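Top to bottom, those sequences are chains E and R.
When we follow the UniProt record's numbering, the leftmost residue of the first sequence carries the number 1, and every step to the right adds one.
When we follow the UniProt record's numbering, the leftmost residue of the second sequence carries the number 1, and every step to the right adds one.
These aren't lab readings, by the way, just hints derived from the structure by calculation.
None of these values were measured; they are calculated from a predicted model.
Just so you know, even glycine gets a beta-carbon here, dropped at the ideal spot from N, CA and C.
Heads up, some of the hints might be wrong.
Taking CB as the label site, the calculated pair distances span [to be verified]: (1) E:A80 / R:D251: 45 to 55 Å; (2) E:P35 / R:P193: 34 to 44 Å; (3) E:V116 / R:I130: 39 to 49 Å; (4) R:E83 / E:G29: 30 to 40 Å; (5) E:A43 / R:G367: 46 to 56 Å; (6) R:I130 / E:P27: 42 to 52 Å; (7) R:A142 / E:P76: 51 to 61 Å; (8) E:A45 / R:E123: 44 to 54 Å.
Just a few of them, taken from the derived set where beta-carbon distance is under 10 Å, the chain R residues facing chain E [stated by the list, open to error]: (9) G21; (10) H30; (11) T147; (12) L210; (13) Q274.
Stretch by stretch, here's where chain R covers chain E in the computed footprint (C-beta under 8 Å, at least three residues) [unchecked claim]: (14) 49–60; (15) 163–177.
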Amino acid sequence: MVEADALVSAREEVLARLRAARDAGAPRGGVPPTPREYRRVGALAAGSAEVVDRLEETVTEYRAVVFRAAGPGDVPAVLASVLEGVGSVVVPPGLPTTWTDGLAVTVRRDDPPLSVPELDGLDAVLTGASVAIADTGTLVLAAGEPDQGRRAITLVPDHHVCVVDAAAVVSSVPEALARLDPTRPLTFVSGPSATSDIELDRVEGVHGPRRLDVVLVGPPRA
Amino acid sequence: MSSTDLGMPTTAPDGVGFLRGSEPFPAAAHRALADTQLRRNLGHATRTIRAKRAGVVAEVPDWEELRRAGEAIKADTMARLPELLEQLEASVTARGGVVHWARDATEANAIVAGLVRDTGADEVVKVKSIATQEIGLNEALAEQGITATETDLAELIVQLSDDRPSHFLVPAIHRNRSEIRDIFLRAMPGVDPDLTDDPRRLAMAARAHLRRKFLSARVAISGANFAAADTGTISVVESEGNGRMCLTLPDTLITVMGVEKVVPRWSDMEVFLQLLPRSSTGERMNPYTSTWSGVTPGDGPQTFHLVLLDNGRSNVLASEDGRSALHCIRCSACLNVCPVYERTGGHAYGSVYPGPIGAVLSPQLTGISGPDDPNASLPYASSLCGACFDACPVRIDIPNLLVQQRAASIAAHRTPTAQDLAMRTVAAAMVSPGRFRAAERVLGLGRFAGRSGRIRFLPYPGSQWTSARDAPAPPAETFRQWWKRTRS
Ligand code: SF4
Numbered sequence: 001m002v003e004a005d006a007l008v009s010a011r012e013e014v015l016a017r018l019r020a021a022r023d024a025g026a027p028r029g030g031v032p033p034t035p036r037e038y039r040r041v042g043a044l045a046a047g048s049a050e051v052v053d054r055l056e057e058t059v060t061e062y063r064a065v066v067f068r069a070a071g072p073g074d075v076p077a078v079l080a081s082v083l084e085g086v087g088s089v090v091v092p093p094g095l096p097t098t099w100t101d102g103l104a105v106t107v108r109r110d111d112p113p114l115s116v117p118e119l120d121g122l123d124a125v126l127t128g129a130s131v132a133i134a135d136t137g138t139l140v141l142a143a144g145e146p147d148q149g150r151r152a153i154t155l156v157p158d159h160h161v162c163v164v165d166a167a168a169v170v171s172s173v174p175e176a177l178a179r180l181d182p183t184r185p186l187t188f189v190s191g192p193s194a195t196s197d198i199e200l201d202r203v204e205g206v207h208g209p210r211r212l213d214v215v216l217v218g219p220p221r222a
Numbered sequence: 001m002s003s004t005d006l007g008m009p010t011t012a013p014d015g016v017g018f019l020r021g022s023e024p025f026p027a028a029a030h031r032a033l034a035d036t037q038l039r040r041n042l043g044h045a046t047r048t049i050r051a052k053r054a055g056v057v058a059e060v061p062d063w064e065e066l067r068r069a070g071e072a073i074k075a076d077t078m079a080r081l082p083e084l085l086e087q088l089e090a091s092v093t094a095r096g097g098v099v100h101w102a103r104d105a106t107e108a109n110a111i112v113a114g115l116v117r118d119t120g121a122d123e124v125v126k127v128k129s130i131a132t133q134e135i136g137l138n139e140a141l142a143e144q145g146i147t148a149t150e151t152d153l154a155e156l157i158v159q160l161s162d163d164r165p166s167h168f169l170v171p172a173i174h175r176n177r178s179e180i181r182d183i184f185l186r187a188m189p190g191v192d193p194d195l196t197d198d199p200r201r202l203a204m205a206a207r208a209h210l211r212r213k214f215l216s217a218r219v220a221i222s223g224a225n226f227a228a229a230d231t232g233t234i235s236v237v238e239s240e241g242n243g244r245m246c247l248t249l250p251d252t253l254i255t256v257m258g259v260e261k262v263v264p265r266w267s268d269m270e271v272f273l274q275l276l277p278r279s280s281t282g283e284r285m286n287p288y289t290s291t292w293s294g295v296t297p298g299d300g301p302q303t304f305h306l307v308l309l310d311n312g313r314s315n316v317l318a319s320e321d322g323r324s325a326l327h328c329i330r331c332s333a334c335l336n337v338c339p340v341y342e343r344t345g346g347h348a349y350g351s352v353y354p355g356p357i358g359a360v361l362s363p364q365l366t367g368i369s370g371p372d373d374p375n376a377s378l379p380y381a382s383s384l385c386g387a388c389f390d391a392c393p394v395r396i397d398i399p400n401l402l403v404q405q406r407a408a409s410i411a412a413h414r415t416p417t418a419q420d421l422a423m424r425t426v427a428a429a430m431v432s433p434g435r436f437r438a439a440e441r442v443l444g445l446g447r448f449a450g451r452s453g454r455i456r457f458l459p460y461p462g463s464q465w466t467s468a469r470d471a472p473a474p475p476a477e478t479f480r481q482w483w484k485r486t487r488s
């Protein structure tokens, strides 16, 4: 390798160059402190009926389909209608069994972990979410959460059903990041997979799930 | 490499990668301007994206505060880049990743090829990464018998047609739907011969083509949009899910990242995850953003390598003004609003970094070897209208940098002409966008306009290509005023 021939390691040399450059190009007068005058908290209160309604709007604009469940007790019935006609669904190890007990669907729990070909043979995936951002219509999945599981299970099946509790809905991006643990893999999902690569027009459905259904659990519409 | 070089900021080496074209901008632009199909494709695409961006930016009440925060975070990053990189290295290493350092393109390519060889794989899947285009990684891997498959739709179009990327976000922006269909019919094995040019059908063809590769790939190569020094968290921002496929399913992940992509804190992502998607695809949020720190047992690649690349960045950092070109988050907003880019497209710039930011970044990365260096002409690839500054989510003062670069090029390499001296005077006046606009009014771009109301003449070497441009410039207005008026 190149490194073995060098008198100094690439690491030492790159760092030495950058130190010299940092000083040579240092701004006269130093660098001012970062102004953080942007909004840390959004317009709508976290978990409120209004913020959930706004999430419904922004998620729907990505052509995901939103369903409402008035409370946790209604989730199984709503899921039964969302998953009508679906043959098989993978769920993370810790998804509440009450959600799936009565479903007329083959439920595969990802425990022990299913192989990629096995996932590829399943119709859908059903998970919860850690946080949802109403301003942007974004759901955030945190890998390893009991009701969210490994990243692969929400990627390979072509249809993702995501249950979002009102308590997890915030208005803004800063509020969402404050709730997340960056040391576990995070996936921010805003609508079904899409591309803008052909004449910069958005077309839904490329490599990720082509269908995204979101079940919002909580206060009825404001 | 001799020890006497140690510690000197260094430009990117010639002869490897794609930071420099084979001819100066005026010659390349001249050809592009003659291609009416290209101009139609670009005009349509950039108009679409400008409208979308304007809509989603307008709905953010604190957009200017976010821009100022983004600008300041980047300036702070540059002021302590070596320290932050050491912190990033420690964070990634503590979470099971392996960090490599590369002085230049050749060294980065050798590191990546060696890592791929060690896995025994002769095929890799790639997520769009401008840094790996910059260093010519695919070509270097091919020399080692390793096939790299681009998985981003636009990159795939470019790869299948043996073409070069022409835009950050949409590398195949210069192609319209029927051209894309023809490329797929010609070069995509097993494609449906009845494929139409419906974008949905084209996207489905790409899905079918790549799916088997994703599900069986053992090694993936990615770039990085951001890397938080405090937590070692890398972010990749994408749309199609090809990024998620590459970052999740293979056993080994190799991420190649320019050193300037580090940010101090994970919490800084609250600024950039608002600025980037709205500026880039003109959406409130892009479909998928993935973040990860090192290796997570039982989830995703169990081997993670991070390659930190200099390749001329130290040279850019050494310039007090020029270093702000390293703040770029590659959103491509400045390309989409640039009247020059809209007409010439990205290929004319020669480098993988096109448009206004490319015109100031590429010459700084490579250095200028003399007046015949193709990159010497790039700072002139602009009408100095100022639209790029207004669009830039991290407030890079590109017009100011362009003028500084012109002056630097003149000072270093030629006996100045009267025109050059005028430029140098302008450069001295340009310490802020406000003063820039004032200076621009004094200089009056309108005085270069002929009776037909078209700009006929710009100072050398801009003069070599202004004859082919058709930008109307009513003498009573500055170019910028005209632009504002005709756009709104
Ligand atoms: S210079 Fe600014 S506007 Fe241009 S691509 Fe970079 S961040 Fe975007």
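Could you tell me which of the hints above the structure violates, numbers in ascending order? Numbers 1, 2, 3, 4, 6, 9, 10, 11 and 14, in rising order.
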